[in-house]
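Asks: As a plain string of letters, each chain reads:
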Amino acid sequence: MSKKVNLLMFSGEFDKALAAFILANTARDMKHDVTMFFTFWGLFLVKDPNKFSDEDKTTYEKLFSMMTPKGIGDLPLSKMNFAGIGKDMLKEMMLDDDTPPLSAFLKGAINKGVKFYGCKLSMEVMGLKKEEMLDQLEVVDAKTYMEDALASDMQLFI
Amino acid sequence: MSKKVNLLMFSGEFDKALAAFILANTARDMKHDVTMFFTFWGLFLVKDPNKFSDEDKTTYEKLFSMMTPKGIGDLPLSKMNFAGIGKDMLKEMMLDDDTPPLSAFLKGAINKGVKFYGCKLSMEVMGLKKEEMLDQLEVVDAKTYMEDALASDMQLFI
Amino acid sequence: MSKKVNLLMFSGEFDKALAAFILANTARDMKHDVTMFFTFWGLFLVKDPNKFSDEDKTTYEKLFSMMTPKGIGDLPLSKMNFAGIGKDMLKEMMLDDDTPPLSAFLKGAINKGVKFYGCKLSMEVMGLKKEEMLDQLEVVDAKTYMEDALASDMQLFI
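Protein chains in written order, with the working numbering: chain U, 1452 to 1609; chain E, 1452 to 1609; chain G, 1452 to 1609.
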């Protein structure tokens, strides 16, 4: 029987994003419904790196855009502090192992029909405009997240 | 129908606390029951900054008190490493956007009747006394958390 | 009535591991079923520090082994940045308080019958071999995790 999975994506980190997309795609392969709700730093996962608009941005918002990831290709690792092991090394190890890159997992999630929600309040605070994000992202409020999460069989905060 | 939400607050970080209180307050506005269980670094969210007692503390516990946040106003960001973007900048952006400060979300949670549990074991290890915490905090053990979480419709580890 | 708890262990950090094992052991004491699924950095919690094999490892995998924790005794803290408060201090405070060390909580979890799953894909990418891990670890794929999680009454991402 089809179940429902809800993932709240708070962290904008390469390794956590990888784990989350593997879970989301696996659940879709098993015919379960999956929603990913992107909020705070998690919104960097669904920024379109090819779209960018400085229009209507405050000085802080412009600075923020400059200093933060342009999209999923720019995410840092959550554990840079493990004696300096870097994202490049992890990416090489994934390559050696024929693991697809993170962007392929994101594309897979879109193709498999994972539902993408973006947090309205976070986007407003960070100055992220809908037109800077992936087309698949639907902007919703916290109430919509809560309804979706409470209607799900499992919820994770990632 | 009223449901039940359980949030385990492990991280003592400004941005995660903000996300958690927004979820908790949203759920209460929807008439759902909400419990927040504060443990480890999460306990700094519910320390009363105006109460402080060195009585009966070991040297380590005194040192620990001195070096860690006095309360919710002192929390660091989880992502200071994003090219140095600091908490002050995020707070300015929230102000620009008419988003209330974190302390207002905490007060909101208290007023709306979010249940606050504090982890007994963590408090003992960290040397935090009940009289240093917000009045609303009820000190409970891990078994009480587990019962509450298992009786809930969703659980997040934040 | 017996319920089912599923903990996804992503982070290889001392303090989060401590919190997770306390929850797992508490749930077992209450006669609930508990699964811990170790993935990414979480796999360092279930490496056997006395077993190590360089056989069949690529140069990156060997380097990775050298630079990362040998087992549960080597885990860093998640919050080293709180003004430099270190793991040694937290361990001293636990000792002062008669709290058992992390390794005792791990042994407790094994003795109490917590189910240990290891993520096949992460192990392959990181070059971790089954024979380097604790005997109790069963290597499974993401689908097995998802089935177990969806059959559980609560799930946490730690």
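Honestly, the hints are just simulated from the structure, not real lab data. The model shown is predicted, which means the values in this text are computed figures rather than measured ones. Wrong hints could be hidden among the right ones.
No farther apart than 16 Å at their CA atoms in a straight line, the calculated lysine to aspartate or glutamate pairs in the EDC-like style are these [claimed, not checked]: (1) U:Lys1513 x E:Asp1548; (2) G:Lys1508 x U:Asp1547; (3) G:Lys1513 x U:Asp1604; (4) U:Lys1513 x E:Glu1543; (5) U:Lys1454 x G:Glu1598; (6) E:Lys1571 x G:Asp1548; (7) U:Lys1513 x E:Asp1547; (8) U:Lys1454 x G:Glu1512; (9) E:Lys1571 x G:Asp1549; (10) E:Lys1508 x G:Asp1599; (11) U:Lys1508 x E:Glu1543; (12) G:Lys1455 x E:Asp1604; (13) E:Lys1454 x U:Asp1480; (14) U:Lys1455 x G:Glu1543; (15) E:Lys1594 x G:Asp1549; (16) G:Lys1455 x U:Asp1604; (17) E:Lys1455 x U:Asp1604; (18) E:Lys1513 x G:Asp1480; (19) E:Lys1508 x G:Glu1512; (20) U:Lys1454 x E:Asp1604; (21) G:Lys1542 x E:Glu1575; (22) G:Lys1542 x E:Asp1548; (23) E:Lys1566 x E:Glu1543; (24) G:Lys1454 x E:Asp1604; (25) U:Lys1455 x G:Asp1599; (26) E:Lys1513 x G:Glu1543; (27) U:Lys1508 x E:Asp1547; (28) G:Lys1538 x E:Glu1512; (29) U:Lys1508 x E:Glu1506; (30) G:Lys1594 x U:Asp1480; (31) E:Lys1454 x U:Glu1598; (32) U:Lys1542 x G:Glu1512; (33) U:Lys1594 x E:Asp1548; (34) E:Lys1542 x U:Asp1480; (35) G:Lys1454 x U:Asp1547; (36) G:Lys1455 x G:Asp1599; (37) U:Lys1455 x E:Asp1604.
Asks: If a hint holds in the structure, say so; if it doesn't, say that too.
Replies: Okay, the hints, checked on the actual structure:
1. Under the criterion of a C-alpha separation no larger than 16 Å, the hint pairing Lys1513 of chain U with Asp1548 of chain E is consistent with the structure, at around 14 Å.
2. With a C-alpha separation of about 11 Å, the suggested pair Lys1508 of chain G and Asp1547 of chain U falls inside the 16 Å cut-off, and the hint holds.
3. Proposed proximity of Lys1513 of chain G and Asp1604 of chain U is contradicted: the alpha carbons are some 40 Å apart, above 16 Å.
4. Straight-line distance between C-alpha atoms of Lys1513 of chain U and Glu1543 of chain E comes to about 13 Å, which keeps the hinted pair within the 16 Å bound.
5. Under the criterion of a C-alpha separation no larger than 16 Å, the hint pairing Lys1454 of chain U with Glu1598 of chain G is consistent with the structure, at around 10 Å.
6. Distance restraint check for Lys1571 of chain E and Asp1548 of chain G: the Cα-Cα separation of roughly 12 Å lies within the 16 Å cut-off, and the hinted pair is therefore satisfied.
7. In summary, the hint linking Lys1513 of chain U to Asp1547 of chain E is supported, as the alpha carbons are separated by about 13 Å, within the 16 Å threshold.
8. This hinted pair does not check out: Lys1454 of chain U and Glu1512 of chain G have alpha carbons roughly 37 Å apart, beyond 16 Å.
9. Between Lys1571 of chain E and Asp1549 of chain G, the direct Cα distance comes to roughly 14 Å. Compliance with the 16 Å bound is thereby established for this hinted pair.
10. This hinted pair does not check out: Lys1508 of chain E and Asp1599 of chain G have alpha carbons roughly 44 Å apart, beyond 16 Å.
11. With a CA separation close to 14 Å, the supplied pair Lys1508 of chain U and Glu1543 of chain E stays within the 16 Å bound.
12. Only pairs whose Cα atoms come within 16 Å are accepted, and Lys1455 of chain G paired with Asp1604 of chain E is accepted, the gap being roughly 14 Å.
13. Straight-line distance between C-alpha atoms of Lys1454 of chain E and Asp1480 of chain U comes to about 29 Å, which puts the hinted pair past the 16 Å bound.
14. Of the supplied pair hints, the one linking Lys1455 of chain U and Glu1543 of chain G is violated, its CA atoms being roughly 44 Å apart against a limit of 16 Å.
15. Among the hinted pairs, Lys1594 of chain E with Asp1549 of chain G is inconsistent with the structure: their alpha-carbon atoms are about 19 Å apart, more than 16 Å.
16. Distance hint between Lys1455 of chain G and Asp1604 of chain U is fulfilled; the C-alpha atoms sit about 13 Å from each other, no more than 16 Å.
17. With a C-alpha separation of about 14 Å, the suggested pair Lys1455 of chain E and Asp1604 of chain U falls inside the 16 Å cut-off, and the hint holds.
18. As the CA atoms of Lys1513 of chain E and Asp1480 of chain G are separated by approximately 34 Å, the hinted pair breaks the 16 Å bound.
19. Between Lys1508 of chain E and Glu1512 of chain G the alpha-carbon distance is near 46 Å, which puts this suggested pair outside the 16 Å criterion.
20. For the hint linking Lys1454 of chain U to Asp1604 of chain E, the alpha-carbon distance of about 15 Å falls within 16 Å, and the restraint holds.
21. In summary, the hint linking Lys1542 of chain G to Glu1575 of chain E is supported, as the alpha carbons are separated by about 13 Å, within the 16 Å threshold.
22. Of the supplied pair hints, the one linking Lys1542 of chain G and Asp1548 of chain E is violated, its CA atoms being roughly 43 Å apart against a limit of 16 Å.
23. Restraint check: the Cα-Cα separation between Lys1566 of chain E and Glu1543 of chain E comes to about 30 Å, which exceeds 16 Å; the hinted pair is violated.
24. Distance hint between Lys1454 of chain G and Asp1604 of chain E is fulfilled; the C-alpha atoms sit about 13 Å from each other, no more than 16 Å.
25. Distance restraint check for Lys1455 of chain U and Asp1599 of chain G: the Cα-Cα separation of roughly 14 Å lies within the 16 Å cut-off, and the hinted pair is therefore satisfied.
26. At most 16 Å may separate the alpha-carbon atoms for a hinted pair to count; Lys1513 of chain E and Glu1543 of chain G meet this at roughly 13 Å.
27. For the suggested pair Lys1508 of chain U and Asp1547 of chain E, the alpha carbons sit about 11 Å apart, so the restraint of at most 16 Å is met.
28. A C-alpha spacing of about 14 Å is found between Lys1538 of chain G and Glu1512 of chain E, which places the hinted pair at or below 16 Å, so the restraint holds.
29. At roughly 51 Å between alpha-carbon atoms, Lys1508 of chain U and Glu1506 of chain E are farther apart than 16 Å, so this suggested pair is violated.
30. With a C-alpha separation of about 9 Å, the suggested pairing of Lys1594 of chain G with Asp1480 of chain U holds against the 16 Å cut-off.
31. At most 16 Å may separate the alpha-carbon atoms for a hinted pair to count; Lys1454 of chain E and Glu1598 of chain U meet this at roughly 10 Å.
32. Annotation: proposed proximity of Lys1542 of chain U to Glu1512 of chain G holds, straight-line Cα distance about 12 Å (limit 16 Å).
33. Taken as a hint, the Lys1594 of chain U and Asp1548 of chain E pair is broken in the structure, with Cα atoms around 19 Å apart against an allowance of 16 Å.
34. At most 16 Å may separate the alpha-carbon atoms for a hinted pair to count; Lys1542 of chain E and Asp1480 of chain U exceed this at roughly 41 Å.
35. Simply put, Lys1454 of chain G and Asp1547 of chain U have alpha-carbon atoms about 41 Å apart, too far for the 16 Å limit, and the pair is violated.
36. Among the hinted pairs, Lys1455 of chain G with Asp1599 of chain G is consistent with the structure: their alpha-carbon atoms are about 9 Å apart, no more than 16 Å.
37. With a C-alpha separation of about 13 Å, the suggested pair Lys1455 of chain U and Asp1604 of chain E falls inside the 16 Å cut-off, and the hint holds.
Hints 3, 8, 10, 13, 14, 15, 18, 19, 22, 23, 29, 33, 34 and 35 from the earlier list are contradicted by this structure; the remaining hints agree with it.
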